[in-house]
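Trainee: Residues per chain, in single letters:
There are 4 protein chains.
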Amino acid sequence: MTTTQVTLVQIDNYGPWTVTPEPRREADLQTLQSRLYADISQFVGNRGGYVFFTRFDNMIAITNGLDLEDHALLQESVGNRYPVTLSLGVSTNANPVQALADATGHVQDAGSAQDKNRRECLEGRVIDGDERREDDIQIAHFDVVNATGQYTDELNAFDTFIEIEQGYAELMRHMRYSHDSLSFFVGGDNIIVVCPDLTADDYEEAIYHVQEAVDVDLQVGVGRGTSAHDAGFAAKHALETCRADGTRVELEWE
Amino acid sequence: MTTTQVTLVQIDNYGPWTVTPEPRREADLQTLQSRLYADISQFVGNRGGYVFFTRFDNMIAITNGLDLEDHALLQESVGNRYPVTLSLGVSTNANPVQALADATGHVQDAGSAQDKNRRECLEGRVIDGDERREDDIQIAHFDVVNATGQYTDELNAFDTFIEIEQGYAELMRHMRYSHDSLSFFVGGDNIIVVCPDLTADDYEEAIYHVQEAVDVDLQVGVGRGTSAHDAGFAAKHALETCRADGTRVELEWE
Amino acid sequence: MTTTQVTLVQIDNYGPWTVTPEPRREADLQTLQSRLYADISQFVGNRGGYVFFTRFDNMIAITNGLDLEDHALLQESVGNRYPVTLSLGVSTNANPVQALADATGHVQDAGSAQDKNRRECLEGRVIDGDERREDDIQIAHFDVVNATGQYTDELNAFDTFIEIEQGYAELMRHMRYSHDSLSFFVGGDNIIVVCPDLTADDYEEAIYHVQEAVDVDLQVGVGRGTSAHDAGFAAKHALETCRADGTRVELEWE
Amino acid sequence: MTTTQVTLVQIDNYGPWTVTPEPRREADLQTLQSRLYADISQFVGNRGGYVFFTRFDNMIAITNGLDLEDHALLQESVGNRYPVTLSLGVSTNANPVQALADATGHVQDAGSAQDKNRRECLEGRVIDGDERREDDIQIAHFDVVNATGQYTDELNAFDTFIEIEQGYAELMRHMRYSHDSLSFFVGGDNIIVVCPDLTADDYEEAIYHVQEAVDVDLQVGVGRGTSAHDAGFAAKHALETCRADGTRVELEWE
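Chains as they are written, first to last, in the working numbering: chain A, 12 to 265; chain B, 12 to 265; chain C, 12 to 265; chain D, 12 to 265.
These aren't lab readings, by the way, just hints derived from the structure by calculation. Every value quoted in this text rests on a predicted model; they were computed, and no experiment measured them. Keep in mind that a hint or two might mislead.
Because identical chains share one entry, a pair is satisfied inside a single copy or across any pair of copies.
What the hints assert, rightly or not - The calculated lysine to aspartate or glutamate pairs, modelled on DMTMM-like cross-linking and capped at a C-alpha distance of 25 Å, are:
1) 127 <-> 141
2) 127 <-> 33
3) 127 <-> 139
4) 127 <-> 251
5) 127 <-> 87
6) 127 <-> 113
7) 127 <-> 165
8) 127 <-> 215
9) 127 <-> 145
10) 127 <-> 164
11) 127 <-> 256
12) 127 <-> 142
Whenever a hint applies, use it, and build me the whole structure from the sequences.
Mentor: Below, the structure written as structure tokens:
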């Protein structure tokens with residue numbers, strides 16, 4: 012059974028900061044947001060986790076393998092090097108959406124995202140090191156079948172982007188409401204989804220749903236592991252099997 | 012009348028590179044993509060342009076103010092510092108979507124995104140320095156009315172994200188098909204749209220459309236300028252007026 | 012007794028790479044070198060270690076707390092994100108210079124710094140996790156007495172720089188030959204030295220030597236710890252005591 | 012005749028910031044300093060200039076090609092993305108040391124480096140765009156003859172470093188006092204020197220001096236240009252001639 016540890020990373024008082032005393036250059040905000048995300052990706056990724064940029068001022072991470080001391084160190088390091096600070100909420104649950112909801116609750120309880128007095132809250136509980144198992148995390152790595160041939164080399168770059176976005180918007184809603192899963196676009200034509208214990212039928216059904224709803228053809232490789240990296244890496248390999256064999260759903264452990 | 016110079020930035024042969032000889036750690040790919048985007052944002056932004064991360068392996072930029080030498084320098088600098096290279100296509104048109112389509116065509120004509128022999132193509136035409144005008148660019152900066160109060164402090168972080176994504180997906184399609192505009196989510200609850208000459212009615216209609224379709228309430232500040240930065244900065248100020256006055260559409264020049 | 016684990020980080024085939032097929036823009040080389048160093052500083056620093064930029068193509072790190080798997084991960088991550096790769100040699104000794112010499116030997120044995128076939132060598136031994144002690148590392152943090160008042164606000168910036176450099180060049184030689192220590196300029200007027208078990212007399216003597224040789228007045232705070240961070244942080248606090256009390260040598264544990 | 016535009020880049024109130032409210036993690040300070048330097052290197056370098064890390068809290072740049080608006084933009088961008096701010100002083104003179112002294116004076120006149128009220132000063136004058144000439148800048152690129160064979164592959168990495176440092180310390184003093192030149196170690200075994208109009212004899216004499224004083228063998232390629240990049244790139248090519256032909260001094264324009 013999955014045991015997903017989710018951390019919500021929220022920049023403190025970011026909205027007001029971006030316009031005080033005056034609005035800041037957009038290109039600088041984009042640079043700041045992207046580099047902050049990249050740093051968190053290295054910190055979390057080097058410990059076996061995954062972090063997704065999500066909305067940039069709010070980022071969602073799968074942090075099995077990081078304890079509260081690690082979270083505190085991340086906060087301290089960012090506070091030393093950026094003009095903003097982070098609040099972190101952590102929780103664990105078999106259901107990824109529930110874990111994320113509880114993590115969010117910790118941050119919301121500490122104060123509003125625009126509360127100028129709320130700084131660097133750190134609340135929650137991490138998974139016990141002795142209780143980690145090989146099937147704690149299930150990750151599904153979707154991509155669009157032959158995106159390059161169908162879209163990238165054929166349509167203008169924005170129309171290709173619209174197709175990918177519509178596919179993502181549809182999959183994200185379906186996976187969240189039907190399967191308690193968290194879906195994240197990660198660039199190119201790739202979507203990584205953090206799932207509870209789903210079956211091949213569940214993935215076939217999700218692919219069919221997206222095809223019917225927005226006419227975007229997905230394939231998926233699924234992996235399991237103790238950490239997001241282990242599960243995700245297994246999922247990438249399974250996806251290579253889809254590409255090689257022309258199949259739509261490959262579970263790495265079957 | 013708008014004269015939008017659009018550049019398509021496409022990483023050469025990226026898909027294959029990410030899995031050769033083996034799939035690479037996802038956290039490292041995210042870091043690479045984000046930092047490459049951040050660098051391009053500084054380069055383009057320091058010359059008055061805007062670049063949007065879009066799909067990360069394909070990025071769209073508004074580059075009025077950058078000539079072909081600037082584009083070549085960006086290519087050279089990235090080639091010196093990253094394990095990947097960039098191909099660039101540039102074009103100018105009163106219609107942003109058309110400019111982007113032509114820019115895409117330049118890159119597609121040079122070769123497939125996964126053609127291992129296509130490296131660092133640079134094709135296209137830039138706006139003549141003497142012909143730049145105050146109304147060359149029109150930028151609309153949308154955000155969600157009271158996102159913090161309605162969503163961020165109330166829902167779990169993924170459900171807030173779903174709401175913003177659905178709003179974005181709806182606006183991006185509407186603005187592209189009804190108004191030849193290019194829309195980009197830029198973090199938080201913000202969407203920046205690159206438009207031809209639109210009117211207050213066009214923006215009111217777009218906001219109404221999104222409200223009806225997905226029940227997300229948007230407001231918008233619109234600005235014009237010689238460069239994306241000038242237009243975008245004026246748009247940010249107009250958006251502050253929406254926030255202060257409770258209005259939904261503010262055009263900075265009216 | 013000190014037990015210093017030293018890692019030599021050497022970029023593979025860097026000299027030839029910088030001029031092949033043509034010399035590369037100097038500003039890009041500086042950016043690449045600095046960002047690579049910054050990434051290694053985060054990776055090593057987040058595990059309690061210190062890395063010094065040294066010559067940028069060769070960097071010296073104090074890595075108590077990092078095992079060989081950590082070293083391999085650093086290599087893999089850099090290989091995924093940069094156009095160059097790293098070779099690493101690790102060794103441990105009570106004598107920091109000896110540890111560094113053995114670490115260097117591991118890399119030299121694998122091949123020349125400009126051997127185009129040597130890539131990502133990883134050799135050596137790390138300190139046993141169970142054998143780590145509170146006095147494994149001794150770090151001395153020197154700075155120039157009243158550098159701002161004497162130099163920065165008085166001389167031109169290059170002449171101030173010359174004074175600091177002469178002080179550093181003198182201290183580095185003295186500490187290496189008289190005390191088997193490794194000295195690194197870390198910015199401003201600060202020099203961090205990795206020492207074996209030295210006494211207050213040894214530090215007084217070093218300060219006197221530099222004063223006599225090049226007329227630069229130093230003060231020093233010294234700390235001990237299980238990791239470079241622990242020892243270095245204690246040294247910083249001891250240095251604050253020098254600043255507050257006007258003393259020249261402060262040992263944090265006395 | 013040379014006309015060197017020099018900018019002093021000084022972080023405001025940095026010393027106090029690094030220890031307020033408590034000393035900050037050294038690894039984070041190193042990361043911050045290096046990435047700030049890298050950003051300035053891109054900004055200045057993309058406009059044809061060079062910036063040298065120098066002491067990291069004080070950096071020296073050759074900025075022919077950048078006007079005061081460019082300097083102001085650099086300040087603004089850094090202020091938007093870092094927890095520190097920059098003060099800048101600019102001046103131009105045939106004598107690089109004099110230009111640097113005047114640039115320093117502008118910053119010192121605005122306030123102490125540790126004056127908590129001095130923020131983002133920008134003072135000075137830039138070279139007139141119409142008056143730029145092909146011989147405005149003279150750059151000499153020194154390196155150690157066969158550093159890899161003599162040192163890197165033979166000695167331990169710190170002893171190699173000592174040799175390079177002693178060579179640099181000697182050259183920097185000689186070039187400053189005998190030839191009004193500014194010398195900067197840039198990594199590996201490379202030293203870049205910003206000179207007034209010097210001759211081949213001057214360079215032969217400098218090399219002889221260093222050899223006699225500290226037994227380090229240097230060779231040098233010298234170039235001239237309108238910008239630091241143009242002069243420096245020509246110098247790199249001249250240095251390749253030294254390597255190919257076994258000569259010690261090569262002037263690109265002879």
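Trainee: Against which earlier hints does the structure fall short, listed by number upward?
Mentor: Those not satisfied are hints 1, 3, 8, 9, 12.
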